[in-house]
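**Student:** This is what each chain is made of:
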Amino acid sequence: MTEFLQFVVVGLANGGVYATLALALVLIHRATGIVNFAQGEMGMFATFIAWSLINHHGLPYWVAFFLTLLIAFLGGAAVHEVVIRPLERGSELTVVMATIALLVILNGLAGWIWAPEVKFLENPFPLKVLHVGGVVMNVQDLGVIGVSLVCVVLVFLFFRFTRLGWAMWATAQNKEAAALVGVNVPRIFSVAWGISAALAAAAGILLAPLIAITPDMGVIGIKGFIAAIMGGYSSLHGAVIGGFLLGVVENLAGVYISSGFKDVVTFGVLIAVLILRPAGLFGTAGTHRV
Amino acid sequence: MPLLMLEDVEARYGPIKALHGVSLSVEEGQAVSLLGANGAGKTTTLRAISGTVRKGGEITFAGRRLGRRSPEAIARLGIAHVPEGRGIYGELTVWENVLLGGSVRRDRRAIKRDAEQALEHFPRIASRRRQQAGTLSGGEQQMLALARALVSRPRLLMLDEPSLGLAPTAVQELYRVVRLLNQEEGLTVLVVEQNARIALASTQHAYVLEVGRVALQGESEELSRHEGVRASYLGY
Chain A
1 MTEFLQFVVV GLANGGVYAT LALALVLIHR ATGIVNFAQG EMGMFATFIA
51 WSLINHHGLP YWVAFFLTLL IAFLGGAAVH EVVIRPLERG SELTVVMATI
101 ALLVILNGLA GWIWAPEVKF LENPFPLKVL HVGGVVMNVQ DLGVIGVSLV
151 CVVLVFLFFR FTRLGWAMWA TAQNKEAAAL VGVNVPRIFS VAWGISAALA
201 AAAGILLAPL IAITPDMGVI GIKGFIAAIM GGYSSLHGAV IGGFLLGVVE
251 NLAGVYISSG FKDVVTFGVL IAVLILRPAG LFGTAGTHRV
Chain B
1 MPLLMLEDVE ARYGPIKALH GVSLSVEEGQ AVSLLGANGA GKTTTLRAIS
51 GTVRKGGEIT FAGRRLGRRS PEAIARLGIA HVPEGRGIYG ELTVWENVLL
101 GGSVRRDRRA IKRDAEQALE HFPRIASRRR QQAGTLSGGE QQMLALARAL
151 VSRPRLLMLD EPSLGLAPTA VQELYRVVRL LNQEEGLTVL VVEQNARIAL
201 ASTQHAYVLE VGRVALQGES EELSRHEGVR ASYLGY
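Chains as they are written, first to last, in our numbering: chain A, 1 to 290; chain B, 1 to 236.
Isolated chain A, as found in the complex (with noise of 0.2 Å):
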C-alpha cells in the first residue's frame, strides 16, 4: 500500500505539469472559444528562453522563472494580437490551421535559435526524501505537484476576486452581452491568451529537469489535451483533475504493468472516458445557446 501510495505521488507531480498544461488549453478554449494547437510548443519555447536566461545570463532559478513567465505573457498576447486577431472574423478552421502553424513556426525556430544539442534545466527543489508515514517522497516530486497547484490556484483566485476574471468569464459565456456592457472583448481575448501562454510556460520549465529541452518536448502538448478532454474541456477544475488523474493512472500502469504500455493505458482511458461520459468527466454537454 506504501508502494501504491509512493507512485501515486510521483504520478500527481507528471499530473501537475499535465494538470497546468490542460488549464491552459481550457481557458483559452473557455475565453475564446479557439482549440489552441500549439499550446505544447508555446511551453517548449518559454522553456528555452528561461534555460537561456539562466546558462547565458546568469538570472537565478527563480527570477528566470518568473521572467519566463512575464516574456511568455506577453508573448501570448502578441501571438493573439497578430496572429489570431485578424483571423477571427474567418472560420473556426481557419483559426485552428493559424494554431497548427504557430506549432510548427515556433518548432522551427527553437531548432534554430537553440541549436540541436539537448538542454538541461536543473531542478530547483534538493534531492531530497520525505517519509510521512511510511511512504517516501521525493521533494523533487512534491515541488513540482506545489508550484502547478499554486499556478491553479492563482487562476481560480482570478477568475473568483478580480474585476477583470469576472469580465472574462463573462466574455466566455456571452461575448456580445459583455460588448454591451463596455468590456473590451479584444483585450479580454489577448489576457487569455497571455495567462494562457505563461501556465504553458510554468508547465515547460517544471518538466525540464524530469526530461530534456528539446524543440520537440512540446509534443507533451498532446498529454494537456488529453486531460483537458478526460476533463469535458470546458471545466477549468475538470482540466485540472483531468491532469492529476493522468498523471497518476499513467504512472501506475507504468510500474505496475509495463513502462512501455504507459500511452497505451493511457489513451485507452481517454477512450473509455469519451464512450462512458462523451462530455468528458465534468463537462456540460454541448448546451449551445444562440
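No wet-lab data here; the hints were simulated from the structure.
Please read these numbers as outputs of a predicted model, since none were measured by experiment.
Glycine included, C-beta positions come from ideal geometry on N, C-alpha and C.
A portion of the hints provided could be inaccurate.
[Stated by the list, open to error] Just the calculated beta-carbon pair ranges, DEER-fashion:
#1 Gly260(A) with Pro15(B): 57 to 67 Å
#2 Trp62(A) with Arg108(B): 28 to 38 Å
#3 Ala101(A) with Pro15(B): 28 to 38 Å
#4 Gly260(A) with Arg54(B): 49 to 59 Å
#5 Glu176(A) with Gln194(B): 20 to 30 Å
#6 Glu120(B) with Phe161(A): 19 to 29 Å
#7 Arg54(B) with Leu93(A): 20 to 30 Å
#8 Phe161(A) with Arg54(B): 29 to 39 Å
[Stated by the list, open to error] For the chain B half of the interface with chain A, some residues (derived, Cβ under 7 Å), not all of them:
#9 Ser50
#10 Thr52
#11 Pro71
#12 Glu72
#13 Ala75
#14 Arg76
#15 His81
#16 Gly87
#17 Tyr89
#18 Glu96
#19 Leu100
#20 Gly101
#21 Ser103
#22 Val104
Based on the hints, put chain B in the right spot on chain A.
**Tutor:** For chain B alone, kept in the frame of chain A given last:
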C-alpha cells in the same frame, strides 16, 4: 438637438436587408417605444445603434457620429443595450453580474454604491445577490439585466422586448421601474416591444416599424387610439 438620431439607417444580415432606411429620433429625457410585427426590424434597429450589426446611414448620439465604432466603444459613450434574451452571465452571481455593468466606468469606487442602488429597485433579486444568475427565473433575470444596465450610468437605456416570456406580474413590476427611471430620474429610454399595450402606456412617443421602415409615428397616447395600431398590435 435630439439625444439620439437615426437618419436613413440600413442594415443587412448577409444578403437579407433588414432595415431599409429607418429614421427616428429620441429626445433627452424621453421614453420612446419601437413597435412592429416580427421581422419588422425592431431588434435590428437597436443592434444598429449599439454597433452589433453592420449598418449604413447615419446615427448620431449626443452630437457624435457612431459610424463604425465597436459595441464596447458605443457602450462607453453612454448607451446601455439590454438585448433580447437578457444576456446575463449565468455562471456568475447576481452581484458579479451587476458590478460588471460598471465595466465602462473609470470611477471604480462609485460602482458598488450604484450597484446597491440599482438592486434596490428590485427587492426580489437584491436579497439573492450571492445566487448564481442562471438559477433566477426569467423575470428576475430581466430585472438583473436592467439593474446591470443602470450601473453603467447610461444616458440612453435600450430595452429589447423586456416582457418576452415573463409572467404578467413581472412585466408590471419591470415597467413600473422603467417608468420611474424615466419620469422621476429623467433617464432616456428606447424600448422595443411586442406588448404594445404596456409599451404605449409607459412611453411618450412611439414609432411603428413595418418591413424595415418607419410606417407610423406619434405620441404614444395618440397611437394607442389609432385604428390601425389598435387592430394590428393591441387586438381590439
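**Student:** Can you let me know if the beta-carbon spacing of Gly260(A) and Pro15(B) is within 57 to 67 Å?
**Tutor:** 58 Å, holds
**Student:** Answer holds if the nearest beta-carbon of chain A is closer than 7 Å to that of Gly87(B); otherwise answer violated.
**Tutor:** Where the cut-off is 7 Å and the nearest Cβ of chain A is about 3 Å from Gly87(B), the hint holds.
**Student:** Does the beta carbon distance between Ala101(A) and Pro15(B) stay inside 28 to 38 Å, or does it fall outside?
**Tutor:** 32 Å, holds
**Student:** Holds or violated: is the Cβ of His81(B) closer than 7 Å to a Cβ in chain A?
**Tutor:** With a closest approach of 5 Å, the His81(B) hint holds.
**Student:** Does Thr52(B) pass the interface check with chain A, least Cβ-Cβ distance below 7 Å?
**Tutor:** 6 Å, holds
**Student:** Does the CB of Gly101(B) sit less than 7 Å away from some CB of chain A?
**Tutor:** 5 Å, holds
**Student:** Minimum Cβ distance from Glu96(B) to chain A below 7 Å?
**Tutor:** The hint holds - Glu96(B) has a Cβ within 7 Å of chain A, the shortest such distance being about 5 Å.
**Student:** Evaluate the given range 20 to 30 Å for the C-beta pair formed by Arg54(B) and Leu93(A).
**Tutor:** 23 Å, holds
**Student:** Please test the hint of 19 to 29 Å on the beta carbon pair from Glu120(B) and Phe161(A).
**Tutor:** 25 Å, holds
**Student:** Take a look at whether the Cβ-Cβ distance between Trp62(A) and Arg108(B) falls inside 28 to 38 Å.
**Tutor:** 33 Å, holds
**Student:** Hold the hint about Glu72(B) up to the distance rule: shortest CB distance to chain A must be less than 7 Å.
**Tutor:** Holds: closest Cβ of chain A sits about 5 Å from Glu72(B), inside 7 Å.
**Student:** Given a cut of 7 Å on the nearest C-beta pair, is the interface hint for Ser103(B) held or broken against chain A?
**Tutor:** Check passed: Cβ of Ser103(B) comes within 4 Å of chain A, closer than 7 Å.
Hint violations for this structure: none, all hints satisfied.
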